[in-house]
Amino acid sequence: MAIDEDATAIAARNLRVLEALLFASAEPLSIAEMTPFLGDGANPRALLATLTRDYASRGVNLVRRGNGWAFRTAEDLGFLLRREHTEHRALSRAALETLSIIAYHQPATRAEIEEIRGVATGKGTLDLLMEARWVRMRGRRRTPGRPVTYGTTEAFLDHFGLESLADLPGLDELKGAGLLSGRLPPTLQIPLPFDGPLRDDEDPLDPDDTGDGEP
Amino acid sequence: MAIDEDATAIAARNLRVLEALLFASAEPLSIAEMTPFLGDGANPRALLATLTRDYASRGVNLVRRGNGWAFRTAEDLGFLLRREHTEHRALSRAALETLSIIAYHQPATRAEIEEIRGVATGKGTLDLLMEARWVRMRGRRRTPGRPVTYGTTEAFLDHFGLESLADLPGLDELKGAGLLSGRLPPTLQIPLPFDGPLRDDEDPLDPDDTGDGEP
Amino acid sequence: MSDPTSDSTTDWFAAPVTRPADDADIFHVDVAGYEGPLDLLLDLARRQKVDLSAISVLALAEQYLSFIATVRDKRIELAADYLVMAAWLAYLKSRLMVPQAPGDPEPSGEMLAAVLQFRLKRLEAMRDAASRLMNRPRLGLMVYQRGDPEPLVIERRRFWEATLYELLKAYGEQREKTVSTDYTPFTRTVWALGDARDILQRLIGDSFDWLPLDTYLAEYLVKPEHRATILASSFSASLELVREGQLELRQQEAFAPLLMRRRKSDSTE
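Protein chains in written order, with my numbering: chain G, 1 to 215; chain F, 1 to 215; chain B, 1 to 269.
Calculated directly from the structure, the hints in this document are not laboratory data. It is possible that part of the hints are untrue.
Stated by the list, open to error - In silico negatives: residues of chain B with every beta carbon more than 12 Å from chain F:
id	residue
1	Ala80
2	Ala101
3	Pro105
4	Leu247
Unchecked claim - Straight-line alpha carbon distances no greater than 25 Å define the calculated SDA-like cross-link-like pairs of lysine to any residue that follow:
id	chain 1	residue 1	chain 2	residue 2
5	B	Lys169	F	Glu112
6	B	Lys177	F	Pro185
7	B	Lys264	B	Asp214
8	B	Lys264	B	Arg243
9	B	Lys177	F	Pro169
10	F	Lys123	B	Thr163
11	B	Lys93	B	Ala54
12	B	Lys121	B	Gly109
13	G	Lys123	G	Thr143
14	B	Lys169	F	Arg89
15	F	Lys175	B	Thr163
16	F	Lys175	F	Glu112
17	B	Lys169	F	Ala74
18	B	Lys49	B	Lys121
19	B	Lys93	B	Leu52
20	F	Lys175	F	Leu162
21	B	Lys177	F	Leu179
22	G	Lys123	G	Asp201
23	B	Lys177	F	Arg117
24	G	Lys123	G	Arg136
25	B	Lys74	B	Tyr91
26	B	Lys264	B	Glu244
27	G	Lys175	G	Gly66
28	B	Lys169	F	Glu131
29	B	Lys223	B	Arg188
30	B	Lys169	F	Asp167
31	B	Lys121	G	Asp167
32	B	Lys49	B	Arg138
33	F	Lys123	F	Leu157
34	B	Lys169	F	Gly176
35	B	Lys49	G	Gly170
36	F	Lys123	B	Phe159
37	B	Lys49	G	Ala177
38	B	Lys121	G	Ala166
Here the structure is a predicted model, which means the values were calculated and not measured. Cβ coordinates follow ideal geometry from the N, Cα and C atoms, glycine included.
Looking at chain G on its own, in the form it has when it is part of the complex (with noise of 0.2 Å):
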């Protein structure tokens, strides 16, 4: 009876301690990140699901980004609170093009990038949305002249509102469509965008690897 009463007052503190932790943080934080907080013997999962059921009818809701956590206002509330932006650069056509082949062909090389666009990728463009931290540099494609490979990143996750690449819009559709294929015509094989960590075709960056030069 007494260790129960422990662990349940254990629980209590591991949660707040959760709250007080995600909070604080504007980014989205990593269950390593946190565990170092918790007690021994904490279960952060377990922890984090019962924080997001209390806050799923709240003003702030707890929501999972990639393999991050984070406080976000509620989206629902999102025309109340929205501000005054000014600041706020609309992305050029040729950035939100390739930002969403990207997001849905990855990983994906400039070349293929460009054969869907049907047009040369400035170095400009991938350079702006790596610098938006939405996209980053995965590896290199072991192919003929080792073209770096692209993927989006968990910040773009976190700006998009999305847990992980499945919650792409019309994800399912474009499967369906053979949109997400790279050959012609659609083939059996439907590739998925993915963000784990290198395939067997990718290659890691050196720590000094700055991409594709100038084309």
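Here the structure of chain G is known, so what remains is to put chains F and B in place on it, guided by the hints.
Showing chains F and B alone in chain G's frame:
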């Protein structure tokens, strides 16, 4: 009855709005700033009181700061956000040399240290020795430019296991220990360091004296 | 005209709707607004106002070719991309109009049309996906993070370590560095073995009397600093001469004078 239910729903919604507002704000919000976001006839004070109570036992509390309100990490969890990181580091060669010269030649000015070392002494080195609490500014030499005089501290004696500066080995001992070669001119003298009160040629430091600027 | 094949700065939200829709003179001569031939083709296809999978590829090819022809008539420069696409579409058109002969290794017009349709659909899908992404409740626009984060404060404390020995050593080295020492290389006279041998041969000459080595070398041993090297070299040389049978050496006891004389050759014995 229906009106009561409506009132409850409106209050719940207002609470959510306040939560989101307070969470997203970079600064504490005053009641005047929050009111426009609430429905007509809302009672911000009552709502804030409810929120304060709701969060009182949580890891994050609603606190009042002057006229403003803000979410803050619960005070008892503040330690979570503060971590001490201690690292032990070996003193650089430049710092060791500077320290040894100050030890033997104190009170010593930077110019005197540089004369013996034969190289300019960066302010960083002296700052580091002062940060280590081994060196202190004693006063200012009563010579043109009024340079700061440096000396060692009690923490210095403590760290190096010396009862007093008189325990610093003299010429013969240094020679005997092989720390000075035999081929030295007979004129070489090891001075007697002095860490007592200010000497006749030293002025006290002003209370706000921060030492020499970068040369 | 700006380069239509590179990224234009066109704002996706502001610009595309301003492009005149289903205007009769869509062929107003402007390629600068298009991001390459595929973009232009997609725009032309949209004007057929049907599902992309139901567009007439033949009509599309004709529209594109006539657009390019108009542009070229007006002597407006065209990027190579547009011309490559025009060539490909002309080929597609010809394949579509001529029925595929059996055994023709070339791709059929239908296959080429499917390829074009697929590319247009895929580009449109990506554009659609982009706008759906942008319409999501985005962070900082509809959803907010903590406005006043309380970041982790890491108080760094450094403990410096040094030993008394290191301190004293550093001091000793500093003081020695400042002592100006004049270094004069010390040169010493050394008797080379060869020289010693020659001198010894000459001194002993044909003397068959036992005489101490010191006596032979008396005139050379005046300077004390040369004594060691002369004795050492001469002694070594004498041993060599003994081995060759030219000299005899004798010593009564340890540290006694070293006596030597010319060895009588066996023939003279």
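Here is what the structure says about each hint:
no., hint, result
1, Ala80, "51 Å, holds"
2, Ala101, "69 Å, holds"
3, Pro105, "65 Å, holds"
4, Leu247, "44 Å, holds"
5, B:Lys169 - F:Glu112, "19 Å, holds"
6, B:Lys177 - F:Pro185, "12 Å, holds"
7, B:Lys264 - B:Asp214, "22 Å, holds"
8, B:Lys264 - B:Arg243, "14 Å, holds"
9, B:Lys177 - F:Pro169, "19 Å, holds"
10, F:Lys123 - B:Thr163, "23 Å, holds"
11, B:Lys93 - B:Ala54, "17 Å, holds"
12, B:Lys121 - B:Gly109, "18 Å, holds"
13, G:Lys123 - G:Thr143, "21 Å, holds"
14, B:Lys169 - F:Arg89, "19 Å, holds"
15, F:Lys175 - B:Thr163, "18 Å, holds"
16, F:Lys175 - F:Glu112, "23 Å, holds"
17, B:Lys169 - F:Ala74, "53 Å, violated"
18, B:Lys49 - B:Lys121, "14 Å, holds"
19, B:Lys93 - B:Leu52, "18 Å, holds"
20, F:Lys175 - F:Leu162, "19 Å, holds"
21, B:Lys177 - F:Leu179, "12 Å, holds"
22, G:Lys123 - G:Asp201, "23 Å, holds"
23, B:Lys177 - F:Arg117, "8 Å, holds"
24, G:Lys123 - G:Arg136, "13 Å, holds"
25, B:Lys74 - B:Tyr91, "24 Å, holds"
26, B:Lys264 - B:Glu244, "13 Å, holds"
27, G:Lys175 - G:Gly66, "21 Å, holds"
28, B:Lys169 - F:Glu131, "23 Å, holds"
29, B:Lys223 - B:Arg188, "12 Å, holds"
30, B:Lys169 - F:Asp167, "15 Å, holds"
31, B:Lys121 - G:Asp167, "21 Å, holds"
32, B:Lys49 - B:Arg138, "32 Å, violated"
33, F:Lys123 - F:Leu157, "23 Å, holds"
34, B:Lys169 - F:Gly176, "12 Å, holds"
35, B:Lys49 - G:Gly170, "22 Å, holds"
36, F:Lys123 - B:Phe159, "19 Å, holds"
37, B:Lys49 - G:Ala177, "20 Å, holds"
38, B:Lys121 - G:Ala166, "21 Å, holds"
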